[in-house]
Structure formats: C-alpha cells, structure tokens
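Since the structure of chain A is provided, determine the placement of chains B and C on it from the hints.
As a plain string of letters, each chain reads:
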Amino acid sequence: MKVRARDAKEVWKEEFESSPARDDGIETSTISGIPLQPLYTAGDRPRREEELPGQFPYTRGIHPSGYRGRLWTMRQFSGFATAEETNRRYKYLLANGQTGLSVAFDMPTLMGQDSDAPTSRGEVGHCGVAIDSLADMETLFDGIPLGDITTSMTINSPAAILLCMYIAVAEKQGVPASKLGGTLQNDILKEFIAQKEFIFPPAPSMRLVVDSIEYCAQEVPKWNTISISGYHIREAGSTAAQELAFTLADGMAYVDACLERGMHIDDFASRLSFFFDAHIDFFEEIAKFRAARRIWARWMRERYGAQQERSWKLRFHTQTAGVSLTAQQPELNIARTAIEALAAVLGGTQSLHTNAMDEVLALPTDRAARIALRTQQLLAYETGAANTIDPLGGSYFVEALTDEMERQAEAYFKRIDEIGGVIPAIEVGFFQKEIADAAFRYQKELELKRRIVVGVNDFTVDEEEPIDILRIDPRLESQQSERVRDVRRKRDQARCTNALQSLSRAAAGTDNLMPYILDAVRAYATEGEIMQAMIEVFGTYTETAVV
Amino acid sequence: MPSTAVRPVRIVVAKVGLDGHDRGVKVVARALRDAGYEVIYTGLRQTPEMVVDAALQEDAQVIGLSIHSGAHMTLFPAVVEELKRRKATDIIVFGGGIIPDDDITALKKRGVEKIFTPGTPLQDIVDWLRKRFPDSPAK
Amino acid sequence: MGENTDPVLLKRFRSGDVRALARAISLIERRDESVRELEQALRPDAKTPGVAGFTGAPGTGKSTLVDAVVSLLRKKQSSVAVLATDPNSPFSGGAILGDRIRMQRHALDPKVFIRSMGARGHLGGLSLASREAIRLLGAFGFDEVILETVGVGQSELEVAAVADTTVVVLTPNLGDSVQMIKAGILEIADIFVVNKADLDGYTRVMAELRAMLSLAPKAEWKPPILATVASRQEGVEQLWEAVLAHRRHLEKSGQAQALSEQRLRDETGEVAAELARRRARQALEDDPELARRLLADRTPYRTAEEILDRKR
Numbered sequence: 148m149k150v151r152a153r154d155a156k157e158v159w160k161e162e163f164e165s166s167p168a169r170d171d172g173i174e175t176s177t178i179s180g181i182p183l184q185p186l187y188t189a190g191d192r193p194r195r196e197e198e199l200p201g202q203f204p205y206t207r208g209i210h211p212s213g214y215r216g217r218l219w220t221m222r223q224f225s226g227f228a229t230a231e232e233t234n235r236r237y238k239y240l241l242a243n244g245q246t247g248l249s250v251a252f253d254m255p256t257l258m259g260q261d262s263d264a265p266t267s268r269g270e271v272g273h274c275g276v277a278i279d280s281l282a283d284m285e286t287l288f289d290g291i292p293l294g295d296i297t298t299s300m301t302i303n304s305p306a307a308i309l310l311c312m313y314i315a316v317a318e319k320q321g322v323p324a325s326k327l328g329g330t331l332q333n334d335i336l337k338e339f340i341a342q343k344e345f346i347f348p349p350a351p352s353m354r355l356v357v358d359s360i361e362y363c364a365q366e367v368p369k370w371n372t373i374s375i376s377g378y379h380i381r382e383a384g385s386t387a388a389q390e391l392a393f394t395l396a397d398g399m400a401y402v403d404a405c406l407e408r409g410m411h412i413d414d415f416a417s418r419l420s421f422f423f424d425a426h427i428d429f430f431e432e433i434a435k436f437r438a439a440r441r442i443w444a445r446w447m448r449e450r451y452g453a454q455q456e457r458s459w460k461l462r463f464h465t466q467t468a469g470v471s472l473t474a475q476q477p478e479l480n481i482a483r484t485a486i487e488a489l490a491a492v493l494g495g496t497q498s499l500h501t502n503a504m505d506e507v508l509a510l511p512t513d514r515a516a517r518i519a520l521r522t523q524q525l526l527a528y529e530t531g532a533a534n535t536i537d538p539l540g541g542s543y544f545v546e547a548l549t550d551e552m553e554r555q556a557e558a559y560f561k562r563i564d565e566i567g568g569v570i571p572a573i574e575v576g577f578f579q580k581e582i583a584d585a586a587f588r589y590q591k592e593l594e595l596k597r598r599i600v601v602g603v604n605d606f607t608v609d610e611e612e613p614i615d616i617l618r619i620d621p622r623l624e625s626q627q628s629e630r631v632r633d634v635r636r637k638r639d640q641a642r643c644t645n646a647l648q649s650l651s652r653a654a655a656g657t658d659n660l661m662p663y664i665l666d667a668v669r670a671y672a673t674e675g676e677i678m679q680a681m682i683e684v685f686g687t688y689t690e691t692a693v694v
Numbered sequence: 019m020p021s022t023a024v025r026p027v028r029i030v031v032a033k034v035g036l037d038g039h040d041r042g043v044k045v046v047a048r049a050l051r052d053a054g055y056e057v058i059y060t061g062l063r064q065t066p067e068m069v070v071d072a073a074l075q076e077d078a079q080v081i082g083l084s085i086h087s088g089a090h091m092t093l094f095p096a097v098v099e100e101l102k103r104r105k106a107t108d109i110i111v112f113g114g115g116i117i118p119d120d121d122i123t124a125l126k127k128r129g130v131e132k133i134f135t136p137g138t139p140l141q142d143i144v145d146w147l148r149k150r151f152p153d154s155p156a157k
Numbered sequence: 008m009g010e011n012t013d014p015v016l017l018k019r020f021r022s023g024d025v026r027a028l029a030r031a032i033s034l035i036e037r038r039d040e041s042v043r044e045l046e047q048a049l050r051p052d053a054k055t056p057g058v059a060g061f062t063g064a065p066g067t068g069k070s071t072l073v074d075a076v077v078s079l080l081r082k083k084q085s086s087v088a089v090l091a092t093d094p095n096s097p098f099s100g101g102a103i104l105g106d107r108i109r110m111q112r113h114a115l116d117p118k119v120f121i122r123s124m125g126a127r128g129h130l131g132g133l134s135l136a137s138r139e140a141i142r143l144l145g146a147f148g149f150d151e152v153i154l155e156t157v158g159v160g161q162s163e164l165e166v167a168a169v170a171d172t173t174v175v176v177l178t179p180n181l182g183d184s185v186q187m188i189k190a191g192i193l194e195i196a197d198i199f200v201v202n203k204a205d206l207d208g209y210t211r212v213m214a215e216l217r218a219m220l221s222l223a224p225k226a227e228w229k230p231p232i233l234a235t236v237a238s239r240q241e242g243v244e245q246l247w248e249a250v251l252a253h254r255r256h257l258e259k260s261g262q263a264q265a266l267s268e269q270r271l272r273d274e275t276g277e278v279a280a281e282l283a284r285r286r287a288r289q290a291l292e293d294d295p296e297l298a299r300r301l302l303a304d305r306t307p308y309r310t311a312e313e314i315l316d317r318k319r
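Residue numbers (this note's numbering), protein chains in the order written: chain A, 148 to 694; chain B, 19 to 157; chain C, 8 to 319.
If we strip away everything but chain A, and leave its shape as in the complex, we get:
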C-alpha cells in the first residue's frame, strides 16, 4: 500500500507539471507572501501528538465544547457624534439581538483631549462618540443596566480614565465594580508600533497599563484589563506573521512588566485577552489564529511557569479587516466581510465584529450596521460552521500553514530579543520599518497587478452609484464644546483641583494611580485635565521617523 501511495503522488506531480498553468501573473503566495504548494499531502505534516480542543496547547480551541457549548459573542463596535445619539444606537443594537456593547470614541477622546481644545477642531464626534467627562459617560449608558451587559472600550493612552468613568457610572446605578464585565483595549505597545495614538513616553505608559491591571485584579475581577491587539498592526500594513509575532511579543512584554511589579503570573494572566484582524486570505488567517493559541500556551507554561490552565489559554476578539474594504463597489464589502468572518469562526474566535459595507467611506448607517450583524447570525445559524469543533484541524494544508506561522513568529521573537526587547525595538523603529516594508511590497504587487482587488485594480465599473453615508452635523462640535464648558462651570471646582493635584503628586511617586484618577473622575475633572495632570509629570512622546 505504502509503495503505491508514493507512486500515486509521483504520478500526480508529473501530471501537475505537464498541465498548462494559468498565465495571468497572479501571485500564488498568501497575501502576506508565504509561498504555497499547489497540494499538501500527509507528507507535509510533522509528527506530533494529537491535539484536542480544551487541551494544551489549545491549537484546536480553548473550550472542549467549541461553539457547541456557546457561540461567539457578536460584538459590533459603534459610537458616533454625541453620547445621546450613541446611547440610542446602543439601545437599538441590544434590541436587535446584539449581546455586548463596544464603544468607539472620537479622535479627541482617544488622544486625551477635550472637545473644546484647539487641536480638536473638525474632529469632534467624527470617528466615534465624544466623551469629555463623567457627565457624558452618564448619558452614554443612560437606561442601560451595566450589571447585565458586557462592554468593550476601545481606548488606549487614556484607557485608565475611561475605565474609571465606567466604574463611576456603575456606582451611580448602584452596581458594584466587582459585578462589571467587559474589556478595555489598554494596549499601548501597539500604539507605538502601529496605530500611533500614544501620548506619554513608553515607560510611564507601561506603568499606567500595569496600574490598571493590578487595580482590576483586586477591584474589578471580571474585567479584561487589556486587549492585546494585532488588529491595528495588520491594518497598518503588516503581514499575518508580523501581526501574530508582534502581538504576542507585546503580550509577553506586559507579562514581564506585571511580574516586575511583583504580581504573580496566575493572578493576572487569565485576564489578558487578545484582538486579531481577520483578513481576506482565508486559510492564512485560520492558521494564524490556531498558531496564536499554541504559541501563547507554550510560552505561558514553559517560559513563565504559569500553573493554572486558564493562564495558558489565549482568548481573542476578532474584527474583519477594515483595510480590505473598498470604496469602489462597496456592496462587495458584504461578501468580503462574510468570508473574513467565517475565517474568524473557523479559527475559534471568542467574539467578533463584522464591518459594515460603508465603513470605508464613513461611519455605518443603520442599514449597513444591521447587515453586518446579520452576517454573523447567518454564519452562526445557517451555515453549520458552528457545529463541529475546529473543522479544519487535520487538514494537511491548514496544519502546515499553522506550523509555518509559528516558525515565522518564533524567528521574530528572536530578533526582538536581540534588539533588547519590545520597547527598545519600538525606539529604534524596528516594528515600524518591518510594517512599512510589508505595506509597500503589497502596494507594489497591486500596482503590478500581481494581486487583484476586485473593483479597484480590475473588474472596475465606470460609474459608481453613490451610496448613502452617515454625516456628522458640523454644529455638534460647538454643542459638545459648550457642554464641557458647562461641566467645568457647574462642578465643585475646589474638589476637582484638589483631585488633579493629588494625581500629579502621585504620578511623581510610585503609587497605583487608579484610585487618584477615579477621584478626579468623580469630581467631574475632564479627560483633558486629567491627562494634563499626568503630562506635567510624564511628558509626551515623539516617535522615531521610519518611512
């Protein structure tokens, strides 16, 4: 039998090589440039013990029951304009079957500045909701019982402030912090690497992250204190392997920082969560997710000596690739998103955001947002994709690609180590350069038509039909500015000033800053004022230019 099988492969190989090949010049490597064989067979799989879901190293999933036990959480990221309008959208999404909230903040909020700051001009309410103080946060969650839902907040440099605002709103609703569930993105390293929404230099930035992890381990134990994100690294133009490697390297840097603080690995490891991109190269993405679990489990158990199984399990949220959407023939984005979402599901994601077709143009309209959510429901209930655990496990191709992802990630870990770790690598621009090189290579391939984006560099139409897009009323900026000035007028100024001064003093020392920030939030200090109190001590950061 064995001899015959080998012969059969030889025969196939000859037949393959003598068959005419397509001559369209299109790349046969993955979108990240990993060369692919035309066929994978049993010979491509390295020998290893059988992997099973719920068992170390979790390549096939962290739950023994897969999606049979519980479907992924459908968590659509949204937020725009004012807190009132976003509050209405949240109530609409919850009524339509969404199971968790995910807050998008506008640029001034993400950059820690108030709506009336001069550099906020033209930005207020555009990319998300404008939050300046606790007053806005109260409006945002008005009528939404925080004890019954989970909330994800996508914010980084000022993450500690927004978390404190959430805790303070819950206090007012009578919900204790210990009952709160949700996720804070709070991943500053990928800001330095890719998304560039940094404010303080790396060291004090890391201190704030560790402060919030340490504080939540005691006070808000059900909160996922950090969502270590590859999404933005990928969207900045990295390859899948870079996304995987840089994200896990960031994760280990946070673990190192917490250990340095004196925390025990098993006290915080299980609250670390991850966030990946689901790009359009279907199999490569599935391999990436599987490799991520395997690598993390091994590093946590073997390098960091975590004892508890829950510390070894990599849990992740996925968002379909914003960067894969096209402004041309935007309806095609529905198809792209569906394929990407399927990759996330087959990769075993814990939660998922599907992009709306018009997201590349502006914030999604209600209709587009609904189609995006329905796409997930369709995957969960119509396709059968949730019925079998890790359905691609054992596929010669997917297993080989999973191993390749792992190999490339380990090679990157070595290079990062040689530079001296993640922060030195940031400072010399290592990640930035790797990403910029990958982005440029991909763009060149598009220009040469070695890769096709349907509707963009091939299969175009002459006249695009305009689609409805959501526009932000330009008056909003002055209204929101007036609102924050009103908050400043009406608050107990002495209490607020005191809280801010205490925060500055604490920042100069080594105390955990969370209680000080919470006090300032309760006193209705604005986000910009709280950031300023810390900037006075920490300073700000300018990146090394890597083009």
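It is possible that some hints are incorrect.
Computed Cβ-Cβ distance ranges for the label pairs, DEER-style [unchecked claim]:
| no. | chain 1 | residue 1 | chain 2 | residue 2 | range |
| --- | --- | --- | --- | --- | --- |
| 1 | C | 245 | A | 640 | 38 to 44 Å |
| 2 | A | 610 | C | 298 | 55 to 61 Å |
| 3 | B | 102 | A | 610 | 33 to 39 Å |
It should be emphasised that the hints constitute simulated quantities derived from the structure, not laboratory data.
All C-beta atoms, glycine included, are put in the ideal place defined by N, C-alpha and C.
What follows is chains B and C alone, placed relative to chain A:
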C-alpha cells in the same frame, strides 16, 4: 543650463488631524521618493500652521496631506488659508484619505488642487505630479 | 534662466523673508551658479554664527537631543537654525527626509529655522553645500547653526570638517556601541554625549568610553564625556556649556584662527574641483572633436589638462 541646476521638486508630506493611520502616507512617500522627488515627512498630528511653516522653510513646491479622521473639511482648507496668509499660494496642495465625492468637489473649490482616494494607484499620483512639474528631473 | 537671476531674491532675503532664505539654500543645494552673486552681495553684513555638529548612529536620539538644545538656546534668546542632512539616499535622486519630525514643536517659532538636506547631486559631499548654507544663515541673522547628521558613511567626517565643535552621540541600549565606534570618530569628536542615560548599561558605556579615551594621544583639548536624557531635557545645559567651553578653547589656543584659515583653503580646493568638473563636462559637450579624441586615445589626464589650459 547644466543638468545639476534643474530645480528638484520638494514635497512636504504631513498628516494633519489627530488620527495616527500612517500606512498610506508612508507608502506614498516611498513611491514619490522612488520617482525621484525629495520628500520631507513631518510626521503625525500637524496643525495647518506647522505644515505651512515647514513648507516655507523647506522651499517646497508641493504639500501633500493625509487624513483618516474625517476632519478633512476643516483642516485641508485651513492649510490653503494659511498659505494665503503667508503669501505662498504658489505652493500647491493635494490630499488623500477617506473622502466622499461631494467633499472632493467642495475641497477643490476651496483651493485643494487634487484629492486621491483609497485604491488610487501610486502611479496616478506620480503621473499627476509629472504633469504638474514637467521640467522636474524626476525619472 | 528665470529665477537663477532673480533680482528680488536679495531684496527679499534682506527683508527677512524666510522663503527667500529657503530658496537660496535650494540654489546652493543644486549648485546653481547664481547663488554666488547672492553670497557676494551679502558678504558685508554677514556675521559668523556658532556652528555645532551632532552625529551618531540611528536610534541614539540625536534629533531629540538637537531638539532639546534648540529649546535651551531659545530660552537663552538665541536664534537657531538646524541643518538636518541625510546621506542615506544619495544616488536615487529621490529622498525621504524625516529628521524634522522631532523638531516640529519649534516649527512655529520665527527664531528657529529647520532645513532638511538630502545628498542629491553633492558631488563633493555635504560639506561644501553646508558651508555655503551656514554663511547664508549667518547673513540672515541666526546666532547658532546646528548641523545634524546620521553617522553613516562619510557624513560625520563631513560634518566635522564644517563644524567648530563636533558632538558624537552614543546610547547605552544599542549593543556594543563603544566597540562599534568607527575608526576616525575619536579624531573628530570634541565632545562625547551618552544620551538616554537613564537606561541600563549607562555606567558600562561611560566606563568603556573613558577607557578608550585614556588610550588616545595627549592633546590640548580632552573631549569631555557627558550624560543626557534628551527626552526630559536633562543634561542639556551642561552639554551646551561644554560646547561653549570648546569654543573658548579654540579661541584662546589660536586654533579658531588656524581652523578658519585651513577651511578657507579646503573650501577653495573643493570649489576649484567643482568648477573644473563643470568645465570639463561642458567642454566635452561643446567640443565633439575633443570628445572623439578622448574616446579614441583613452587619455583622461591629457584631455583634462587640455581643457583646464584653455582660455575661457
């Protein structure tokens, strides 16, 4: 005129607004470099005043702006206005980012010469510059 | 010819128009002959700015340090111009110049001028263009000029050939940075700075540097080793003190005079080389017979002498 005396086109490339999405601006900067232009990249979160000041000091003929935060209707025209104020309207301004068609028309009226939207081939940007500066030595 | 004989450029330059200064530097950069006239016309009112050169490997925080020095100088009410040179892409024609990024907070200060220079077309390297640019900056009224360059290739030697004081920047976090110091750096460094002195490995780098300098031949000026944390503005005042001390040393020892004379000689040599190169190229273009003979006989020396001997 000796060939060394041809005026090379210098382009100040900047990200205005608060967002940090610099994939596009970096790809464009590299493409312009490869086409033979001198690109001065001034980085993230530049105010219109900073961009114009850099363009004057660098003797740039062109300013390229990138934005992904939605503030283009405020910030692109602010750069044009600042150029008027500094009496430097000979410097031309182009922009790129997620910009709806209606806004493109409005921006052109307000003095932004050209807008490139996502998916634009890099060669289109280079071709436009070559047409705009036919004597430049870009290869 | 157009702007090559721009009659208003001088007037605009004298009235303090930044764009005229910027344009004049462009003329220098592309070796435009008309800048000679501008330079001559300006010479009577030209003052000589202090020139400090900063060089170091990528990642040493050089630009941040220069930015911190600019802040200090502004506090001292000095006006300051920065010439950031990038030798990295000299041959492609195009360049991406990114050193401004760290100094952009000074962009709106009219007493600060920042200019990025690529290496395009500088057949004689950066020094000739830098010297001429410095003269223009002096004429424009700048008190201090800072030259910044990445320490790769020959660029740091070129900076040293132009600056009064050369500052070599190192950091503790870039591996064996002291061992990696290239031959020749010892000779050009007037001051060593260990930047990012808050990082691990700081004491080791300081010790290695000291050990290395102790082996250097005795000289009148012993390069001091200073520590800075540029991102926090720490040690910058002491650094500038050291620059001023070096300047005083040059004056007192008479080296300033000697250096200035030597540099005029060097510059004349470079200008002569440039003019000769231009004449040769022109002659071979204008005189097909000469070019034909060159190609037939393959005698560049004889052809060059013949060109230079011709009456103009």
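Against the structure, the hints come out as follows:
no.: 1; hint: C/245 - A/640: 38 to 44 Å; result: holds, 41 Å
no.: 2; hint: A/610 - C/298: 55 to 61 Å; result: holds, 57 Å
no.: 3; hint: B/102 - A/610: 33 to 39 Å; result: holds, 36 Å
The structure fails none of the hints (numbered hints given earlier).
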